[in-house]
Amino acid sequence: MSTYRAPLADMHFVMNELAGLEQVAQLPGFEEAAPDVVAAILEEAAKFATEVLDPLNRPGDVEGARRLDDGGVRTPAGFKQAYEQFCANGWNGLAKTPEFGGQGLPHLVSTAVEEMWHSSNLAFDLCPLLTQGAIEAIDLVGSPEQKQLYLPKLISGEWTGTMNLTEPQAGSDLAAVRTRAVRQPDGSYRLAGTKIFITYGEHDYTANIVHLVLARTPDAPEGVRGISLFIVPKFIVGADGSPGERNDVQCTSIENKLGIHASPTCVMTYGEKGGATGYLVGEENRGLEYMFIMMNAARFSVGLEGVGMGERAYQRSVAYARERVQGRAVGLDRASKAGAIIDHPDVRRMLMTIRAHVEGTRVVAYVTAAALDNARRHPDPAARRSHQAFADLMIPIVKGHSTEVAQEVVSLGLQVHGGMGYIEETGAAQYLRDARITTIYEGTTGIQANDLVGRKTVRDGGAAARAVIGEIEKTAAHLTGSADASLHPVGAALSEAAVALEDAVAWVLKSSASHARAVHAGAAHYLRMWGLAASGWQLGRAALAASRKLAADEGDAAFMRAKIGTARFFAATLLPQVAALGRTLMHGGETALEVPAEQL
Amino acid sequence: MAILVIAEHDNAALKSATLHVVGAAARLGSPIHVLVAGSAAQGAAQAAAQAAGVAKSIHVDAPHLAQPTAENLAAQVLAIVQDGGYTHVVAPATGYGRNVAPRIAAKLDVAQVSDVTAVVSPDTFVRPIYAGSVFATVQAKDAVKVVTVRATSFDAAAATGGAGQVESRPAVPDVGRSRVTGQEIAKSERPELASARVVVSGGRALASAENFKLLEALADRLGAAIGASRAAVDAGYVPNDYQVGQTGKIVAPDLYIAVGISGAIQHLAGMKDSKVIVAINKDPEAPIFQIADYGLVGDLFEVVPQLTAELAPR
Amino acid sequence: MKILVPVKRVIDYNVKVRVKPDGSGVDTANVKMSMNPFDEIAVEEAVRLREKGAAAEIVAVSCGAAACQETLRTALALGADRAILVESDADLQPLAVAKLLAAVVAREQPQLVILGKQAIDDDSNQVGQMLAALLDWPQATFASKVEVSGGTLVVKREVDGGLETVEMALPAVVTADLRLNEPRYATLPNIMKAKKKPLDTLKPDALGVDVTPRTVTLSVAEPPKRKGGGLVADVKELVAKLRNEAKVLS
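Residue numbers (our numbering), protein chains in the order written: chain A, 1 to 600; chain B, 1 to 314; chain C, 1 to 250.
Since the hints were derived computationally from the structure, they do not count as laboratory data. Keep in mind that a hint or two might mislead.
[Stated by the list, open to error] Quick partial rundown of chain B residues pointing at chain C, CB under 10 Å, derived from the structure:
#, residue
1, Met1
2, Ala62
3, Ala66
4, Thr69
5, Val81
6, Val100
7, Gly182
8, Gln183
9, Val233
10, Ala235
11, Pro239
12, Asp241
13, Lys282
14, Gly295
[What the hints assert, rightly or not] Listed next, with one range per pair, are the computed distances between beta-carbon atoms:
#, chain 1, residue 1, chain 2, residue 2, range
15, C, Ala67, A, Asp553, 14 to 20 Å
16, C, Pro21, B, Asp155, 43 to 49 Å
17, B, Glu216, A, Ala88, 38 to 44 Å
Backbone N, C-alpha and C fix where the C-beta goes; we use that ideal spot for every residue, glycine too.
Same shape as in the complex, but just chain A (with noise of 0.2 Å):
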């Protein structure tokens, strides 16, 4: 039996003394995000998480969503009902603009709920997510008439929000879409087309759902400068707000899928009947554009669910290795009987693996997440352009590096329950299917390491990448040069590590031109680099703010010194990847092409 808890203490301490929620609290619009106030917002997002999500979340799996013969889709018992208890609790608006009746808070605050969702019960929180891209759009290039008519009842929940990008041959590469949109004499569109994986593009929710359809109308340029957006509501909306007309739009069917059982992952078909009614959202030939705008967020969020799935995976399998009596610990006085597994070396380092690489990218996160409310918020343009540089270079590393990383976390999670961990009724497995999804939607792990290459080191001559090594490096030097010396091998691993990040930026520089391909045969290495080295780089900042609070006195003490200690067992068993991964990626690129793709 494992419950989820949301891990409070860490959030807490990640959020006031690492992504310094105070400062964020001070940005224009955030005055009401006051720590007092966001401690009792995430203690009470904590209970639904515990109280209501995470319950659903086997039986979820176990049921799945089924589609109907009438085209609707069933979600799993209990769903809807948490899905209108959570929207009457107002967290759908969490973020959103107060405006339309969001509650405008921190990305910061959004980031430690978001979380617990994502912990709790993944295909759940998936449909929430989905609205708030729909909302972002919306919000970003609607028309006002748009946003009045749109926005309110997304922001409530009311109504939910798909993204349809995705069709069966324009996967990763969009400019591939052929959705057709066709412009009416009353400057509607009718369009006509499929699109797949559309997660929640059918269920039974709410009596709307606004789809966000990529398309092209017929004189649109070829590739990517051609595709438009479109908002394809289920129903039609009146003028009075109102659902009306059933719109030409179905679900045909939905996917049977590793995991995620209980969120529809829907194909749906447009104007079957003649055409589904669109309205044009922004400008003609634009959609892309706007998406690369939203991707950031979107990207982000995905990179926090493998956070969130490694935090579940870490709570079960600490809790079975607590209880699971199994052979004697070694090297231990109480070694004469069997004891718990947590005592046996071997299972500790995977605690502890899991546990690093956890809270690790939990802060990579988080402080990303200030970085976004300062890049929009901070009243000095130049701030805000620093915090954007460094936010968009992390964005890649928050998506690609924390879901890869999960991947390890609920494997190595599952390892600890030995065969049990095997069985799906002990719950261990679900993890793993549900997490795998995390490195393919939002942009695979691959293009996520193109983006940091090319977009993030290249495009500026490496300016970003170097600042945040200088940060490393920096931190590095706090770490040798404390007064506590159980910090000083963290800053020399971190030293180290910032050295070889170094040289395989210079490296990518100097051969992004000229071996173009094996830099990106190597991409994700370098991402895996810059992953490591920002995780121990923020957990040696834990540990720093940590060693603070033990010599002033203050705070949980048993909490600090695992802090010191989880940085302690990175720097020491991970950061050293780093420079082995440099090797890797300035050698090893090559290699991966020398064998003929004939030969393969």
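Use these hints to put chains B and C onto chain A, whose structure you have.
Frame of chain A; chains B and C shown alone:
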């Protein structure tokens, strides 16, 4: 100076908890007086006088004491205490005693010690806190000690063998302002949960109210009371007064059979003083097995009927 | 009608309580604290009475250290209109709390006080009854249903073996049992609004209440652990052991 025990009774007879309270009172000192406040409660008053160790049964009879409100009962107790020179006022830690005792304590401007499980000395008591996960030893400083005692923690005084007198006292007037207007007591052939010798309890794994019938069949064989975990009560399978645990009944039968109960600390708090605990659960990791004397891992829907059959008269 | 809802800050229901090594008490440092769950039920009942139009104002009150403000904010987020903290770092025992509350009642003049039947830390189950006694008000403890019509209160109470209905004139004290209701979750907008609702602080001295403890906790200890006796293979073995080993079956 004397000990005043507030009897819980149904007018005709004493409730079993009362004799346990007398047993506890014997450890505080003597003489022991038992107050039987009721209506046509001569039977209960007589029984109280006969209990071992009781010096005197004080019988107060009035219509408004038939099913007394806390207000009326407290007023009556105060009238006795004020002219009687008592060192202790002792009541059972049952719904009846818990309702009235703090009212008496406040009126006397003294502290109350609730739910006493052991008497260390006349002013020092052991009581559970935090759902029984911790036991506190508490010393009461006030001149009069008001305590409620957990009946299951003390042996009952013998029902006979005492040579007490019944003394009649006049009732204080009806306080008014509140009255009992109705009662829905579940009629049951089964023994009272709090005092049963055998208890069969069901948890959420029973999965429905209907399935509790399985337990009834077993309880019938054993002459047992039926209890439930909070989860089963919350799920609506059985009424609230079936609940065994921190916020429900505290039981300590000779035999406690926990069926489909995982063993949350709050439940364990209510039954872990049972002499023999049997756990039936399909999850071998369920915490209940860590305290059960006999654990049986299996599907309750198979095991319980088998057990019922096995217990058929030989 | 005005309702006063006393709430207590306690160690969270889910926390495994630890005794301090010196046995002087339980460790409360860096432990998650929450509103006493029975008080949460009391707040919910008050809010429902207001929603039904039976009450106009709900005042939450807590006695204890400054940190009790968090608990009061929770009550405000759940729907209380304003809050009063009776601030004291002393060990406030049930009688002292009842006296403080009686003093607050004298200032606020509510017609109804609803509170939890017991706090899950000291499990005393006293404050409601004591408060009623000090005020000379009728009490309805262990309530599972509360109805107010005019100046009359009708309460179904949990008693051993079933339910009892009591009827009383207001003002009165009600203590909430588990089945009275299922408390709602605080909504996000209400959590944020709670920060802006008034919260006044009073001191016991100002209320003229002597809070000197009347009992002394000499020591606390964990009960001896009950050891599991192991598993039996089947029903036959179980019955045999109950008959021959434990001797609890004839």
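Hints, verified against the model:
A distance limit of 10 Å between C-beta atoms decides the matter here; for Met1 of chain B the minimum to chain C is near 19 Å, and the interface restraint is violated. Interface restraint check: Ala62 of chain B against chain C, minimum CB-CB distance 18 Å, threshold 10 Å, status violated. Taking 10 Å as the C-beta contact cut-off toward chain C, the hint placing Ala66 of chain B at the interface is violated, the least distance being around 13 Å. Checking Thr69 of chain B against chain C: minimum C-beta separation of about 7 Å stays under 10 Å; hint holds.
Interface restraint check for Val81 of chain B: the shortest CB-CB distance to chain C comes to about 13 Å, outside 10 Å, so the restraint is violated. Nearest Cβ of chain C to the Cβ of Val100 of chain B: about 7 Å, under the 10 Å cut. The hint holds. The interface hint given for Gly182 of chain B holds, since its Cβ lies 4 Å from the closest Cβ of chain C, which is under the 10 Å cut-off. Annotation: Gln183 of chain B was flagged as interfacial toward chain C, and the flag holds, the nearest CB pair being 5 Å apart, inside 10 Å.
A hinted interface residue such as Val233 of chain B counts as satisfied when its beta carbon comes closer than 10 Å to some beta carbon of chain C; here the least separation is about 8 Å, so the hint holds. Contact between Ala235 of chain B and chain C, as hinted, is not supported at the beta carbon level, the nearest pair being about 12 Å apart and thus beyond 10 Å. Using the Cβ-Cβ criterion of 10 Å, the hint placing Pro239 of chain B at the interface with chain C is satisfied: the shortest such distance is roughly 8 Å. Checking Asp241 of chain B against chain C: minimum C-beta separation of about 6 Å stays under 10 Å; hint holds.
Because the closest C-beta pair between Lys282 of chain B and chain C is about 13 Å apart, greater than 10 Å, the hint is violated. Hint on Gly295 of chain B holds. Least Cβ distance to chain C is approximately 5 Å, under the 10 Å limit. Taken as a hint, the range 14 to 20 Å holds for the pair Ala67 of chain C and Asp553 of chain A, whose Cβ atoms sit roughly 18 Å apart. Against the hinted window of 43 to 49 Å, the Cβ-Cβ separation of Pro21 of chain C and Asp155 of chain B comes to about 34 Å, which falls outside the hint.
Taken as a hint, the range 38 to 44 Å holds for the pair Glu216 of chain B and Ala88 of chain A, whose Cβ atoms sit roughly 40 Å apart.
The structure fails hints 1, 2, 3, 5, 10, 13 and 16 (numbered hints given earlier, in ascending order).
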